[in-house]
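S.K.: This is what each chain is made of:
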Amino acid sequence: MITSISLTHFLVVGALLFTFGLVTVATRRNAVGVLMGVELILNGANVNFVAFNHYVTGGVSGQVFALFVIVLAAAEAAVGLAIVLAIFQTFKTIDVRFADLMRE
Amino acid sequence: MKTTAGKLSAWFVATLLVVVFLGYMTTQVIQPAYVPGVASTGPAGLTDVLFYVLAAVTIAGAAGVALSRNILYSAVGLLMALLGAGSLYVFLSADFVAVTQLLIYIGGVLVLILFAVMLTNRITEVNVSNTSFGSFGGALLGISVAPVLIAVVTLTPWPARAPAALAPTTALIGNGFLTKWLLPFEVASLVLLATLVGAVVIARKEIKAD
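As you go down the protein sequences, you meet chains A and B in turn. Take the first sequence: its position 29, counting from 1, is numbered 29 in the numbering used here, and each next residue is one higher. Plus 1000 on top of the position in the second sequence (first one is 1) and you've got the numbering used here.
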């Protein structure tokens, strides 16, 4: 039975996004894949923020929080990918199992 | 041999724990009388159908990121997931957040990720470039997290209120950024500046002194 969309529907989407992101982070060997999983987790949280903002609190505070999350996700992606490039220059691979030295 | 047996028994214990946990959660979920919330069962309009299609695109993209063997397919899945999530924001009267998602995530982060993929992988061997390990453990993790979250989401009586009508929010957000959230706004710009400098410092080639 298809019911009219409500808060629960959006929360389920957010929960599934979070779960897939968590599985991605936990199972990838590729460091870039791990970063993709982190992006999925942040998006799941963002869907929850905006859904609660629309259905529970009203106003725009949840949307503003989601915007800050987006900004920090962009910063995290930039720094994370720079670290991945540095790991690649040092170890000639981005397999996270082999990056086990603090310095050469 | 010994380590193999140890690993097997460890996985067995983990599986057992997950099964017991799920069984316990099932009893917890089924025992209390399930009180459906408002659950207005109106006719499925065009909006509802559109929501289900977009949610399916989002979930399918996320599943592609998690399950694909090929890092480029994972990137395409991430594109679908981000686009779907951005279009879901439109349903929630968050037009500015939706456009920001489009510009920053898809225009910035995804392109950055694709650059990193191209710079760090031998594309000719793309089939082995996104191998995952512990797919059994990953499946265990997934089937122990997702039902719990979904049960919490569906069983909690959220304080629902009649959602406001869809209206543009850009002016409200802009006013908020320059009045109520001025300090976080400025801190965010400082964070971005530090990120800019830090990324360059980390990614540049090390120049040895000697």
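Incorrect hints may have been included.
[As the list claims (entries may be wrong)] Coverage of chain A stretches by chain B, computed from C-beta distances (three or more under 8 Å per stretch; other residues unrestricted): (1) 16-26; (2) 55-66; (3) 71-79.
Hints were generated in silico from the structure; no laboratory data involved. Here a beta-carbon is modelled for each residue, glycine too, at the ideal position from N, C-alpha and C.
S.K.: Could you run down the list of hints and mark each one as holding or not?
M.R.: Structure-based check of each hint:
Here's how the stretch 16-26 of chain A fares: 10 of its residues keep a CB closer than 8 Å to some CB of chain B, so the rule of at least three is met and the hint holds. Taking a C-beta to C-beta cut-off of 8 Å, the stretch 55-66 of chain A contributes 9 residues in contact with chain B, enough for the three needed, and the coverage statement holds. With 8 residues carrying a beta carbon less than 8 Å from a beta carbon of chain B, the stretch 71-79 of chain A meets the three-residue requirement, and the given coverage holds.
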